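**Student:** Starting from the given sequences, assemble the full structure and let the hints guide the process.
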Amino acid sequence: MRFLLAFLIAVAASAQPPAPPAQPPSKAPATPEAQAEAAAATPAKADDQAKPAEPAAPAEAGEKTPSPAPSPSEQWITGSVDFGYRRVGEAGNQPSYRGIVNLGSGPKLTGLDFTITDPKHRLFDRIDARANAWGGDPYNTAHIDARKRGVYELRADYRNIAYFNASPSFANPLAPGGFDEQSFDMRRRNGYVDLQLFPGRHFLPFLVFERNSGYGHGVGTWVQDSNDSFAVPMLLRDSANNYRGGFRLEYNRWHVTLEEEGTTYKNDNQASANGANRGDRTTPVLGGTEVLNTLTQTYGVRGSSVYSKVLATASPFSWLDLNGQFLYSEPKTDARYFDIASGNFALLSALLLYGGQYNIGASTTSGNHTLANAGVEIRPFKRLKIVTSFSGNRYKETGVGALTEQIVLKGSTYPALVAALNTPQDVTNNRQQVEAVFDVTGKITLRGGYRYVWGDATVLAGSLDQSGTLASGALQRSVALAGATIRPWRKLSLNVDYEGASTAQDYFRTDLYNYRKVRARAKYQASAALWFQANFALLDNQNPTQGVQYDFRSRDNSLAVFWMPNGGKRISILAEYDRSTLYSNIDFLLLPFFTPTVSSYKENGHTATSTIDLVLPTVAGIVPRLSAGGSLFIAAGSRASRYYQPLGRLSVPFQKHVQWNTEWRWYGYGEQLYQYEGFRAHIFMTGLKLTR
Amino acid sequence: MFGLPVLSTRRQFPRARPSWTRTAGLVGAAMMLAIVGRAQENTGAPASPPPQNKPAEFVGSTTCQMCHEDIFNAFKNNPHHVVETDKKRGFENNACESCHGPGSKHIESLSAADIKQPAKLKPAETDRICLTCHRNQSTQSGRINSGHARNQVSCTACHTIGPHGLVARKPAEVNALCASCHTDVWAAFQKPYRHRLAEGAMSCVDCHNPHGSALPKQIRTTRFNEPGCAKCHGDKVGPFPFEHAPLRLEGCMTCHQPHGSANPRMLIRHEVRFVCMECHSNLPVPNPAANATLGTVGPAIHDLRSPRFQNCTLCHQKVHGSYADRALTK
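So the protein sequences, as listed, match chains A and B.
Each number in this note's numbering corresponds to the 1-based position in the first sequence with 249 added.
Each number in this note's numbering corresponds to the 1-based position in the second sequence with 143 added.
Derived from the structure by calculation, the hints contain no laboratory data.
Source: prediction; values computed, not measured.
Using N, Cα and C, we set each Cβ at its ideal position, and we do this for glycine too.
A hint or two may mislead.
Claimed, not checked - In the DMTMM-like style, the derived pairs of lysine to aspartate or glutamate whose C-alpha atoms are separated by at most 25 angstroms in a straight line are:
1) A/Lys357 x A/Asp331
2) B/Lys219 x A/Asp362
3) B/Lys360 x A/Asp331
Unchecked claim - Chain B stretches covered by chain A per the calculated footprint, using a threshold of three residues with CB under 8 angstroms from any CB of chain A:
4) 375 to 384
5) 395 to 408
6) 451 to 460
**Tutor:** In structure tokens:
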């Protein structure tokens with residue numbers, strides 16, 4: 250989808266510049282956008298960072314007021330392009346490097362960011378576009394926002410993310426070279442186009458198209474009965490298209506959104522093999538060696554769904570807010586499966602050796618999924634707020650189909666095994682909560698409440714479960730909620746949250762059972778240039794049930810310091826340290842003798858990140874900047890590992906619009922147990938940033 | 144033991160009776176409180192204030208311009224500039240004062256104490272100002288239930304209504320903003336196996352809706368009612384004729400740590416067999432107890448002492464759900 254990048258450039262090129270400004274651009278004051286970028290270039294104080302993640306629409310977005318015309322001194326296009334050449338020198342395990350870092354050598358377009366304003370407001374008021382990491386990098390992104398006030402707002406986004414994962418220790422931790430099954434080398438591409446129209450003040454229609462697809466190769470497994478598994482190459486192809494549209498009705502006291510969506514989905518994964526493959530089994534079966542000679546395996550899955558959404562909010566009185574959502578979908582998939590294999594195989598249950606087999610399967614699965622929630626916020630007094638909410642999530646599914654398994658024997662026939670499928674699943678989860686928030690004083694706010702979570706499920710039982718085809722589970726949990734926000738003085742704020750739960754019944758052994766969760770956060774601004782942020786989180790979960798004996802405890806402490814003397818004009822420092830510990834013990838049955846054993850997992854991690862920005866002494870009118878920092882992660886415990894990512898960057902602005910950037914990064918990864926998976930890489934990049 | 148009163152769980156948790164009555168009672172009580180409260184507040188006509196306590200009045204944006212011309216000019220490019228034409232709420236030509244409050248006293252005294260600065264107010268007061276206009280919008284629909292609202296995180300903690308109308312649209316900026324409070328979460332993204340936030344390929348708001356959501360942890364929904372994970376991992380959604388129950392019952396976090404992990408595939412354990420066997424350790428019995436959990440142990444052919452069986456997903460590779468096999472092998 251590189252056309253999007255081309256489109257971005259084409260738009261920039263085709264936009265007509267306004268009449269020449271009265272003053273030369275070089276003497277013109279920076280536009281707000283340019284100022285904004287300059288401000289963003291310097292690390293900003295957290296509270297001052299003006300970055301709403303998802304900005305709320307203006308109150309009267311539909312109002313057709315003329316957009317303010319840019320002043321004559323403003324440029325019709327502003328932005329920057331950042332490009333250069335990267336050199337990667339790596340050593341160690343290359344699959345690990347590709348799985349974790351995956352940056353490559355070559356020329357790169359690391360960033361493109363521009364804004365176009367049309368002073369005559371013909372087709373648009375403003376277009377903001379950006380693109381990052383193009384030129385063979387593993388994460389390409391492009392985004393464009395175009396808007397004309399009172400008429401439309403258009404957003405388009407594209408991401409192309411490489412997914413490489415071939416960690417030997419994942420497939421088999423004890424094999425020196427490791428098995429190669431379950432490895433992937435593919436790309437996932439996501440994109441959307443979102444058009445919002447403003448035909449009136451209150452009626453706001455919208456149309457959205459989204460696409461998500463994956464394509465690539467991998468190594469999977471073809472499983473023969475329960476005797477052996479064979480690594481086979483796979484071709485992976487799947488995609489989903491979503492089309493949705495609807496409208497919003499927005500008034501001062503209420504709002505309703507109605508939306509309809511349709512989805513199509515397809516999955517055409519394939520696997521094939523040709524040549525003797527002896528599989529993962531190293532011992533003979535019925536006196537013979539299992540061999541896979543040929544395999545063709547195909548999936549053909551087609552899915553579709555319709556979705557409906559109703560969303561409403563209302564404020565009938567100044568002291569009462571209501572909201573509710575109802576989301577409904579009817580997903581459906583039709584699947585065709587086929588595989589045919591030849592070789593030397595064994596069927597233990599029949600003490601049979603045979604030379605080929607094929608499976609043909611077809612199924613249709615349909616479900617309906619309802620997600621609904623409603624909330625009420627009541628403010629009976631100025632100091633008191635009561636919030637109650639309910640949410641319900643129900644998923645009901647039915648699968649029907651048939652699977653034929655045929656063994657091919659030389660000179661005789663073997664009866665086909667035909668299985669009719671009927672696979673229901675019914676899951677209901679509910680959650681209800683009441684909470685009161687009370688301002689004790691202007692500096693202390695207390696919270697307290699209660700949550701009840703319950704549900705039930707009927708699912709397919711384990712395949713060899715002798716107790717029946719279906720299994721049932723239920724969930725019943727009560728949670729006490731408490732919290733406080735304290736601001737003893739303006740520079741210090743403390744926030745504490747507590748949850749304590751008691752569970753009567755859970756779905757799974759590893760679920761939260763009797764737990765307490767504490768989270769505390771403090772922020773202290775010592776001066777205008779120095780502030781601290783501290784976090785503490787604790788989760789203690791215990792399930793004393795006989796045979797489970799689950800004991801889980803995780804703790805996380807972090808401290809961050811931000812120092813920007815004189816507004817960061819000469820130096821700014823951001824440093825953060827995080828200490829996390831995780832401890833888990835749970836009983837399980839160790840096969841093949843069902844021996845009660847304890848599964849123990851420990852992680853004792855240290856994480857540190859820092860960034861130091863330094864303005865170097867001026868040389869010949871040039872003010873270079875030096876940045877240094879990076880992160881490190883060191884973990885001891887069940888998977889002891891180290892991961893370092895230091896970096897240094899020198900920026901030299903040759904001219905007002907030309908900046909030379911040079912960057913060095915180092916990635917180092919090592920594991921204590923699986924030492925062959927370690928790698929280290931020096932990455933050197935140099936390039937220019939042109940701004941206008 | 145866990146900070147809760149020790150109660151008989153059987154008595155505390157009647158199986159089939161949802162706590163409708165309890166909640167209805169609480170809501171009813173709250174409604175009564177509200178009505179009484181409003182009645183008390185409305186009792187008696189307010190006395191007219193003495194002249195020196197006369198409420199401040201709107202002076203108009205052009206008056207603000209006289210001293211704050213740079214802000215006034217930059218504000219013309221701010222999305223909030225439309226408030227300048229909002230007759231309905233009485234903000235026409237008073238856009239500055241729609242957030243900062245009437246400015247007549249500030250004009251007289253020239254003191255910062257006589258004008259509202261939303262970023263410096265108590266969170267609830269700041270929110271009240273913003274929600275004057277933004278209350279009934281689709282972005283606010285989940286705010287009532289959101290963790291940010293619970294924890295008194297005001298709108299201006301993330302949004303700036305300042306002169307440049309800055310918004311965090313770039314993933315790296317969004318992440319920096321979230322990480323300024325959620326430092327522990329950002330630390331998880333420094334682990335070797337993680338989602339690609341540090342690289343700027345994703346942002347926190349791809350998965351979470353900071354304004355609130357129908358799902359816990361403010362997880363976004365995609366395809367309306369699927370967790371946001373399905374937005375990129377669409378092949379894991381199904382519906383499958385053979386589902387793996389945890390996906391629907393507890394979600395992806397049953398097995399994965401989505402922010403980052405020291406373990407490959409962001410798993411919660413260092414080896415796959417432990418992820419699987421910690422749940423699949425119930426003996427198959429004809430009539431399981433009422434409080435039995437799901438997940439029966441596999442048959443004895445799985446000799447976990449052999450490396451071949453130590454990664455369950457080598458054979459059970461369709462662990463998220465299968466179209467063809469009940470044992471999730473194809």
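**Student:** Hint by hint, work out which the structure violates, then give me just those numbers in ascending order.
**Tutor:** 3
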